[in-house]
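Colleague: Mind docking chain B on chain A? Use the hints.
2 protein chains.
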Amino acid sequence: MPSPILQPRHDAELADRFALSAATTRGAHLSTGDFGEWLAERGRANEFHVKRVPFADLDGWSFEEATGNLVHRSGRFFTVEGLHVTEMDGPYGDGPYADWHQPIIKQAEVGILGILVKEFDGVLHFLMQAKMEPGNRNLLQLSPTVQATRSNYTKAHRGAAVKYLEYFVGPERGRVVADVLQSEHGSWFFRKSNRNMIVEATGDVPLLDDFCWLTLGQINELLHRDNVINMDARTVLSCPPHTDSSANALMSDTQLLSWITEERSRHDVRIERVPLKHLPGWKTGESAIEHEAGRYFKVVGVDVVAGNREVTGWSQPLFEPVGLGVTAFLTHEFDGVPHALVSARVEAGFLDTIELGPTVQCVPGNYAHLDKRDQPPFLDTALQADRIRYEAVHSEEGGRFLNAESRYLVIEADEIDPPPGYAWLTLAQLASLVRHGHYVNVQARTLMACLNAIGLR
Amino acid sequence: MPSPILQPRHDAELADRFALSAATTRGAHLSTGDFGEWLAERGRANEFHVKRVPFADLDGWSFEEATGNLVHRSGRFFTVEGLHVTEMDGPYGDGPYADWHQPIIKQAEVGILGILVKEFDGVLHFLMQAKMEPGNRNLLQLSPTVQATRSNYTKAHRGAAVKYLEYFVGPERGRVVADVLQSEHGSWFFRKSNRNMIVEATGDVPLLDDFCWLTLGQINELLHRDNVINMDARTVLSCPPHTDSSANALMSDTQLLSWITEERSRHDVRIERVPLKHLPGWKTGESAIEHEAGRYFKVVGVDVVAGNREVTGWSQPLFEPVGLGVTAFLTHEFDGVPHALVSARVEAGFLDTIELGPTVQCVPGNYAHLDKRDQPPFLDTALQADRIRYEAVHSEEGGRFLNAESRYLVIEADEIDPPPGYAWLTLAQLASLVRHGHYVNVQARTLMACLNAIGLR
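As you go down the protein sequences, you meet chains A and B in turn. According to our numbering, the residues represented by the first sequence are 8 to 464, in order. According to our numbering, the residues represented by the second sequence are 8 to 464, in order.
It is worth saying that the hints were derived from the structure and are not from the lab. Please note that a few of the clues may not be correct.
Claimed, not checked - Below, a list of computed lysine to any residue pairs in the SDA-like style, where the Cα atoms sit at most 25 Å apart:
| # | chain 1 | residue 1 | chain 2 | residue 2 |
| --- | --- | --- | --- | --- |
| 1 | B | Lys113 | A | Ala105 |
| 2 | A | Lys113 | B | Ser322 |
| 3 | A | Lys113 | B | Leu215 |
| 4 | B | Lys113 | A | Met95 |
| 5 | B | Lys113 | A | Arg277 |
Same shape as in the complex, but just chain A:
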């Protein structure tokens, strides 16, 4: 065996190549001006109907006898189960104990969310897919090149092969730029992770129907439009290599990691999986499982008829939040270096106690019944802000959530002394954390893509 050759641990050029793509708003294949028509055309080319149905009409899905869990007859895809959550101490050790039950989606298998990139005219382009998802209000949005659960690509759907999968797995795959297991919505999923990948193709790549090549600059423009870039694409867009604008920060990296360790240690959250049947505080009707006070979300069923999916039609449950969310980063420049105010969030479905989330992440309606002082911190600040640097409505995962939309905001804020559970991080620090799994939650990762989209570094 010839002696292997060492390589640099860090590829400094790579971040520059992504920065060039972000600076390029003229794509080699499709102009941003023509994009809307292209997407509309893809919508016309693919028949797709979604209708709500009672649980009894969900093909292949039923409530399991003993547990009342909502399951698929194949034993695959996902299940809707119950969760009993107890937070042993108040968030700062002095509040009341929190204790609640809720339905949760359990989907153990790890899927792939992968974007293939390739240079055209010396500029990296991203291969994006026009993908229908039943939960999206506008159905069709831009997704990663590959967005596949293991059931998808091991053919539990008995459908067509996942397009471009070979660029992400197996011996023929391209050059990996990013590859990390990231959590998804911890309030709705039980310990779900997906593999977020960016892979650079080294050879020719055929362009299939429903796919288009866009520069990062074009994608950043589209990220300013409502409901165009889907959640799966946004989380992958938080991963490209980052050019650090400053080696300084309010907290050193050691202090930052220590703060995260402290936050993980001081929360004592007990999670118990329980049957969905007779879940305290929730009532099951023919068409919905809903909270007794009408808060949080409903579990509902839909029937889907589609043309361009791996299968031609299916039924499935979806989680439907009861209102529009607000998801915001407060930002502030300290000594010329932009920082974002993150919160250490407990979400019941996280693998570890906490992950870092946005400054504000909530559906305000869920708190309308509470006193002002019990409202989520900084919600008022976000709603009344006038220095809005970024604003768009985005949908969460349309394959599991119905009309789950949130107004994403990046706000220029005054200097704030962070209360317990909050900290100012530079964007370079966020980028270094997101190379690892389970540090930054999916909503904050969307906001990282938005921060990149407005060129804040």
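Modeller: Positioned in the frame of chain A, the structure of chain B alone reads:
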């Protein structure tokens, strides 16, 4: 509020200060030559007796009626429960399914393992404690400054306050050098993490009985002796800031993180907590719960009488492995840069599917009944090695495990093309991973301390 001042994200000097301490073998307080007598004297000063007792004689502990779980009447400390483990695919997708039951220790609370450091004569010294632990064959070993479960320091023991705790928690604590949640033995603990901390004291520190100040160079000398530096100290000693000797490696950091993500994704391990009662494959006697074939470990009980602990006496269960372990890193210099061969290990108690472990980590006796080809990979290589760079016997956590000893080895090996599940990492790459939790298992962290002890970088 005055505008905060930014600071460098990385403190380059800090690693140099630890390197200086490692290069200093003459301590300001206690010479390494006098250490043995000091430790023996501490042993004489503190009465300590451990005797095995039947479960019925364990004060405060009993088998819970419904589950047969072994629990303490206070509901604190830890419990011994059952675990049902199913690995859905063979390790490389082509082996048989693995499926087994085993007892496991459940200890949800996060403890602190903390070493206080302070400069004397311009050199960092580590404050180490002579600590009795019932499971250690020689009872007394060197532990971190603070080694405390939450039960310890919230006084569930109703004992004395934890000494030096104020340097690690609260507003008066010192300057944090390292602070990370690390897993412990995944085969014996269910998702146990401890906070590994190194904190630098900024003011005077009183020296209490049973404590001594040692340079890192002195500790590294003592690490060459059998059973002197306990597990809790060794894991913290894997954390000091590291001076990278090379910016090159066989794999880039992106490839390394991708390999870990791939290993995490391809293993599908289902973990189910089950009652300890009637655990398949295990039999319960008056004094031990043991495997039907006499393999792996026994659960036993001991009665402890001590003088210098937070409490004056107690009973507790311990896990007792059936034989001496072998824990080894194969190392090789590629282009002059030392690499260690790590394995991606599935252990049932890990929070995430796999963590990186040593090349070899096993009790050979557990495999004696198997064909040669079913023996753990590289075990023969380790046992027959002649280029041994490091060798010592160390104990695992003596507060939970009885006579749990392993021969720790660092071996100079030939160039090996890593089989699936194995990879060559530089020691700088291991050091960068260990800044984060759940990447490197506790046995590999001990070996990192040993690699530091022989000056391999």
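Colleague: Look at each hint and say if it fits the structure.
Modeller: The hints, checked one at a time:
1. Lys113/B x Ala105/A: 23 Å, holds
2. Lys113/A x Ser322/B: 40 Å, violated
3. Lys113/A x Leu215/B: 52 Å, violated
4. Lys113/B x Met95/A: With a Cα-Cα distance of about 17 Å, the restraint between Lys113/B and Met95/A holds, given a limit of 25 Å.
5. Lys113/B x Arg277/A: Roughly 13 Å separates the two Cα atoms, so the pair holds.
Going down the numbered hints, you'll see the structure goes against 2 and 3, while the others check out.
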